[in-house]
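Here is what each chain is made of, one letter per residue.
There are 2 protein chains.
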Amino acid sequence: MSDLGTVAVGQSGGPTAVINASLAGVIETARAAGSQVLGLRYGIQGALNDDVIDLTNVDTDALADTASAALGSIRYKVQPAEYDRIVYAFQERGIKTFIYIGGNDSMDTADQLARVAVQRGLPLQVLGVPKTIDNDLPFTDHCPGYPSAARYVAMVVRDVGLDARAMRRVYFLEIMGRHAGWLAAASRLARDEDGAAPHLIMLPEHDWDEDRFISGVDHALKLFGHCIVAVAEGFELPEGSANLGIVDAFGHVRLGGIGRHLAEFTQQRLGLSSTPNSDILGYIQRAASFARSSIDVAEARQAGREAVTAAQAGKSGYMVTLQRRSSAPYSINYGLQPLDTIANVTRALDDHFIVRDRYDVADAFMGYIAPIAGPLVKPYRLY
Amino acid sequence: MSDLGTVAVGQSGGPTAVINASLAGVIETARAAGSQVLGLRYGIQGALNDDVIDLTNVDTDALADTASAALGSIRYKVQPAEYDRIVYAFQERGIKTFIYIGGNDSMDTADQLARVAVQRGLPLQVLGVPKTIDNDLPFTDHCPGYPSAARYVAMVVRDVGLDARAMRRVYFLEIMGRHAGWLAAASRLARDEDGAAPHLIMLPEHDWDEDRFISGVDHALKLFGHCIVAVAEGFELPEGSANLGIVDAFGHVRLGGIGRHLAEFTQQRLGLSSTPNSDILGYIQRAASFARSSIDVAEARQAGREAVTAAQAGKSGYMVTLQRRSSAPYSINYGLQPLDTIANVTRALDDHFIVRDRYDVADAFMGYIAPIAGPLVKPYRLY
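First to last, the sequence lines map onto chains A and B.
For the first sequence, position 76 matches number 75 in numbering that gives the first Met the number 0, and the numbering has no gaps at all.
For the second sequence, position 229 matches number 228 in numbering that gives the first Met the number 0, and the numbering has no gaps at all.
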């Protein structure tokens with residue numbers, strides 16, 4: 000068994016509904032091993048500022064039940080000179096294990112820290128725990144955080160679908176996903192019977208085809224009297240992605256508006272008397288504690304435990320992964336993947352999950368998503 | 000006991016999460032009285048088109064558990080000549096009781112039908128069941144549908160509040176409410192401790208005061224490191240326009256955009272490096288089955304039962320009301336209010352619920368809203 004020393008843990012990037020469950024898993028495994036656990040406030044910034052919280056005695060059950068990043072989080076690109084500062088700061092505090100819970104950029108940070116520690120001959124083991132609602136990390140069946148966000152999307156689409164059905168409306172719902180359609184695809188879970196919403200699912204992986212789009216909306220309207228379109232914010236028109244005209248502090252263009260744009264286009268092309276309604280689902284997608292998937296919560300927690308267990312086994316420079324053994328009954332194994340193979344790689348929606356001759360996702364995707372998002376209540380219909 | 004004859008029932012206006020519970024209450028009481036129950040499809044349009052569904056044997060428990068209007072709904076202003084058509088159509092079908100579940104306009108329709116029936120000497124009793132997430136009907140403590148929508152708003156504000164806290168952000172959430180601030184006020188339920196979101200609550204009943212606004216945001220940022228603003232879509236700026244920047248290409252004025260506008264104003268005035276995030280909560284506010292208040296479901300169902308019971312007692316031309324007897328422990332009585340006193344009257348947020356020297360609602364409002372919206376899970380915080 001490797002000496003964990005003091006265990007430091009941080010949360011990074013956009014929060015999710017289960018990132019605290021991973022934190023709880025790290026804490027409980029580390030303290031069972033007799034280690035002190037220090038939480039970095041606001042991710043790696045806490046290491047640079049020596050801003051930490053002693054987590055050794057926190058109530059991990061209550062923590063795991065709370066959404067969002069309880070330590071505070073940050074998007075911060077560590078500067079080359081800062082890696083040395085961090086590893087030596089860890090050394091001074093007796094920290095021999097660092098667990099970073101985050102997405103792509105955070106896995107890169109973790110990878111660099113692991114390398115610098117080796118170069119400096121310091122006893123520091125670094126492990127990553129995956130976290131992202133975007134589900135775009137490679138080498139893992141899915142990322143903790145995604146199933147809960149997917150579940151929220153599905154619950155909303157089902158309910159606004161019933162609303163639009165009652166009012167015989169066309170409605171556009173814009174869902175997070177800049178490059179990958181994982182979350183928008185999850186709206187498919189809402190379709191509990193033929194003709195139920197969503198009628199079109201438009202992914203960043205789909206091309207724009209005007210006729211395919213309009214005939215899809217028209218078909219749903221004629222057959223079912225209403226039409227719900229679930230569209231990823233990153234769906235691109237020939238002129239590019241719709242955006243709000245806001246560039247954030249990191250130079251990323253803030254997406255938003257594709258739903259409204261398609262609503263106006265639909266009105267024109269179908270000669271509707273008013274612009275169909277459109278909503279942008281927004282930040283609650285990544286925060287909704289009330290929509291958490293119980294499997295996601297359990298897996299996020301276990302992923303945190305696995306990271307500490309890997310450190311105990313002397314591993315460093317790996318991210319915990321989830322490997323699906325079976326979908327029915329659902330079961331997974333946990334694995335480890337070298338961090339340098341993960342950093343800066345984005346996983347698009349698997350090709351066999353995408354239907355291309357209309358705007359939809361394939362039945363095969365349901366086998367993937369349904370077990371991890373959990374069951375939805377079936378609505379009762381009078382007609 | 001009055002002869003109910005066949006009982007017709009319709010749902011009208013924007014759906015809610017509990018409007019089907021009211022429908023279930025109508026059905027079960029009517030069939031217990033031995034009546035056939037006919038559901039009008041798409042509200043009063045179903046009467047004009049003789050488009051009805053026999054509801055006598057539906058599963059009322061399953062129906063009550065499903066959000067949105069299961070019969071279909073509509074916003075339709077009945078033309079003067081159509082009232083006769085409707086009452087004679089009811090006559091032909093043996094319908095002696097009509098229950099209309101809806102808001103302000105629907106109560107007006109119900110009132111007119113009751114009067115026309117009397118004028119024509121037809122045996123038709125008409126009763127209204129209140130329904131609206133806006134909570135703007137007079138003479139009732141609250142409207143079925145509002146507590147569940149309020150609960151959804153509170154749940155979202157709590158979770159996005161934790162998210163913004165973790166990321167140290169300013170965030171604007173735009174909540175439904177054109178003339179009355181009932182729903183935006185409900186965000187106050189999320190504030191489980193001092194410093195928790197929402198930090199500002201901006202109601203249509205509030206005036207615009209630039210300094211009060213900016214100092215409120217600045218204060219929250221300095222004290223708590225983040226700021227959540229819950230703003231009603233109907234909050235008005237001096238320009239008198241609450242749809243700023245969101246008049247669409249076709250000239251349709253739709254509310255939406257006050258949050259974004261305030262975000263941009265905040266950036267300018269506080270010199271922030273980027274525009275704060277803003278979301279519009281959207282249609283899911285009135286549809287979210289997963290956020291239903293159990294008290295709201297039970298009351299909506301009972302209100303449906305009370306309407307039929309009133310008809311059995313020979314009443315016509317009334318809307319069922321909820322009269323609060325006590326908030327702790329919470330209990331209500333049901334009452335009846337003449338329809339003509341309700342139609343076209345809008346109830347603003349009670350004056351004593353509004354704080355005016357800052358953007359907030361009063362503690363007194365918590366005594367009103369907490370018992371009907373139901374308890375929220377308290378988050379666990381590390382700092």
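Honestly, I wouldn't trust all of these hints.
[What the hints assert, rightly or not] Derived CB-CB ranges, DEER-like:
| # | chain 1 | residue 1 | chain 2 | residue 2 | range |
| --- | --- | --- | --- | --- | --- |
| 1 | A | M0 | B | Q266 | 33 to 39 Å |
| 2 | B | Q266 | A | K76 | 42 to 48 Å |
| 3 | A | K314 | B | R177 | 56 to 62 Å |
[Stated by the list, open to error] Just so you have them, the derived chain B footprint on chain A, three or more residues with Cβ under 8 Å:
| # | region |
| --- | --- |
| 4 | 40-54 |
| 5 | 77-84 |
It should be emphasised that the hints constitute simulated quantities derived from the structure, not laboratory data.
Owing to the predicted nature of the structure, the values given are computational and were not obtained by experimental measurement.
Every residue gets a Cβ at the ideal spot worked out from N, C-alpha and C, and that includes glycine.
- Determine whether the Cβ-Cβ distance between Q266/B and K76/A falls within the hinted range of 42 to 48 Å. Since the Cβ atoms of Q266/B and K76/A sit about 23 Å apart, the hinted range of 42 to 48 Å is violated.
- Message: Closer than 8 Å Cβ to Cβ for three or more residues is the test here. Does the region 77-84 of chain A pass it with chain B?
- Response: violated (count 0)
- Given the hint of 56 to 62 Å, check if K314/A and R177/B actually sit that far apart at their C-beta atoms. Distance hint for K314/A, R177/B holds at roughly 58 Å.
- Message: Holds or violated: the 33 to 39 Å window for the beta-carbon distance between M0/A and Q266/B?
- Response: violated (52 Å)
- Task: Count residues of the region 40-54 of chain A with a Cβ under 8 Å from any Cβ of chain B, then say if the count reaches three.
- Result: It holds: at least three residues are needed, and the region 40-54 of chain A offers 4 whose Cβ sits within less than 8 Å of chain B.
Hints 1, 2, 5 from the list above are not met by this structure, while the remaining hints are.
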